[in-house]
Amino acid sequence: MNAIEVKNLSYAYDSQKNALQGVSFNVEKGSYTTIIGHNGSGKSTLAKLIVGLLEPKSGEIYIEGLKMEEKNLPQIRNKIGIVFQNPDNQFIGSTVRDDIAFGLENHKVPTSQMDSIIEQYATLVRMQDFLNSEPEHLSGGQKQRVAIAGVLAMKPDIIVFDEATSMLDPAGKEELKRMIRSFHGNEDLTIISITHDIEEACFSDECIVLNEGKIVLEGKPEVVFEKADLMRKIGLDIPFSYYVKNLFKARGIKVHGDTAEEIAEELWQSHSKN
Amino acid sequence: MSNLVFGKYIPIDSVLHRCDPRAKIVSLFLLLIAIFLPSGWYGFALIAAFLLIGLMIAKLRISMVLKAFKPMLFMMAFLLIINIFSVKTGDLWFSWKFINIYSDAVLNTLYIVVRLLLMVTLTTLLTATTKPLELTLGLEQLMKPLAKLHVPTHEIAMMISIALRFIPTIIEETERIMNAQKSRGVDFDEGSLKEKISAILSLIVPLFSVAFQRADDLANAMEARGYVPGAERTRYKELKYHNRDHVLRILSLLVLAGVIVLAFVI
Chain B
1 MNAIEVKNLS
11 YAYDSQKNAL
21 QGVSFNVEKG
31 SYTTIIGHNG
41 SGKSTLAKLI
51 VGLLEPKSGE
61 IYIEGLKMEE
71 KNLPQIRNKI
81 GIVFQNPDNQ
91 FIGSTVRDDI
101 AFGLENHKVP
111 TSQMDSIIEQ
121 YATLVRMQDF
131 LNSEPEHLSG
141 GQKQRVAIAG
151 VLAMKPDIIV
161 FDEATSMLDP
171 AGKEELKRMI
181 RSFHGNEDLT
191 IISITHDIEE
201 ACFSDECIVL
211 NEGKIVLEGK
221 PEVVFEKADL
231 MRKIGLDIPF
241 SYYVKNLFKA
251 RGIKVHGDTA
261 EEIAEELWQS
271 HSKN
Chain F
1 MSNLVFGKYI
11 PIDSVLHRCD
21 PRAKIVSLFL
31 LLIAIFLPSG
41 WYGFALIAAF
51 LLIGLMIAKL
61 RISMVLKAFK
71 PMLFMMAFLL
81 IINIFSVKTG
91 DLWFSWKFIN
101 IYSDAVLNTL
111 YIVVRLLLMV
121 TLTTLLTATT
131 KPLELTLGLE
141 QLMKPLAKLH
151 VPTHEIAMMI
161 SIALRFIPTI
171 IEETERIMNA
181 QKSRGVDFDE
191 GSLKEKISAI
201 LSLIVPLFSV
211 AFQRADDLAN
221 AMEARGYVPG
231 AERTRYKELK
241 YHNRDHVLRI
251 LSLLVLAGVI
261 VLAFVI
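So the sequence lines, in the order shown, correspond to chains B and F. Numbering follows this note's numbering, in which position 217 of the first sequence is assigned residue number 217; successive positions increment by one, without gaps. Numbering follows this note's numbering, in which position 189 of the second sequence is assigned residue number 189; successive positions increment by one, without gaps.
Next comes chain B alone, as it looks inside the complex (with noise of 0.2 Å):
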């Protein structure tokens, strides 16, 4: 079954033109998807769609075999979590023990089991010791970790990451990019990550290329990196080692690595080889 099923969906905010048009993509359960575009391709859009805080002007989506409609929205909010953007603008509690509660408090989960399950998230993502600190004591990448927490504390089948690390600094993007994949592999768990950091895509199963509000190009990281002109023609860049290896093709090297350690490592061999 699919994850999530998006049939011709579109979306305009008042008065603008369309800022998705006739959308379709399937998502299969438990794999790692990115979203990838450059400002104003309508990715963010999407996301807010798929989560079901907008309200589609034309198509459908459906959520693990559920149509995004009204009277299903309580029930695809428990199957659904977004962590977005902005660390400070969505820690709701006073403290990291309280943001996480936040949700449980809104799904009815029994207050003897609170503490529990904000202990058990909390530590999941190495945040256990900092359980009573307030927000303006922690970090970009530390927040956005307590948003993790909050959102699998309500055990979702699908996470959605908007741009979760465009704020951060070098480190904390590293290390909640290192988080998201970590969490790739497991068959309960979609992921989703909307981003315009090209680099995660190549970690992920399935991408999909976002240009003014259309699909342009869909398939796996390696397919979609061959096609490095289009890319640079919708303002995109491709990974560096997809660069690298897109260099060897035109001379008619093989090269099988995704990474640029890979990549080396591989020349090296075939080097001592010769």
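Hints were generated in silico from the structure; no laboratory data involved. Since this is a predicted model, take the numbers as computed values, not measurements. Hints should not be assumed to be uniformly reliable.
[Said to hold, decoys possible] Derived DSSO-like pairs: lysine-lysine, alpha-carbon spacing no greater than 30 Å straight-line:
{"#": "1", "chain 1": "F", "residue 1": "K148", "chain 2": "B", "residue 2": "K71"}
{"#": "2", "chain 1": "B", "residue 1": "K173", "chain 2": "B", "residue 2": "K227"}
{"#": "3", "chain 1": "B", "residue 1": "K108", "chain 2": "F", "residue 2": "K148"}
Based on the hints, put chain F in the right spot on chain B.
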């Protein structure tokens, strides 16, 4: 802004800190009534003694209360001057040219000063020993009967707690915008009234625009995490009364009773 004393929580551990916020709020109201009853100096002495013991138990220093009282000194001085010129009863204590100071003018002012001092001590005792969020929770629980009259008590409490949560964030934002504007040559400290107004506008407009953006993001985050205004939720923090809370309320009630006796019976 961070050196405001009035209304600041002092994170230490004391019996009063551990008391239930509901008991503390109820006691505050009982004692406020006592302060406003015309009980004379003996009544004030009784309340003052009770509050001093409270300060000692809460491990707070009197200097803290006096600091909180400082901004009101100007008002008090103004009141004294008005009283000196308007009150002409009691003994004549001082006379020089056209200034005649009567005893009642001084005593009446002093009476009001003491009354205010007691009020400041009382509220400081509450806010210094109770976290803002506990206060909100306590108020919400106390207002619960009003929910039957369709007063959105929970939403009010949620609004207050979010406002409290965002105060440090907004202060930080204000400082950042002020620095950004200063770097563009805006002078917040000097200049004519007109220049000052335009300087403040250059702060307020971006501050509001950012605040609305935050509010929008926050509303999205709350909705995405399953918050529905008015819907039933469980509570992470539940309040429970202990013996100390009953003691606090009974003592406050006794002080009020004592003041009533002093004011109306004797």
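Hint by hint, here is what the structure shows:
Between F/K148 and B/K71 the CA atoms are separated by roughly 27 Å; this keeps the pair inside 30 Å, and the hint holds. Among the hinted pairs, B/K173 with B/K227 is consistent with the structure: their alpha-carbon atoms are about 27 Å apart, no more than 30 Å. Taking the CA atoms of B/K108 and F/K148, the gap is near 21 Å; set against the 30 Å cutoff, the hint holds.
Comparing the model with each earlier hint shows no violations; every hint is respected.
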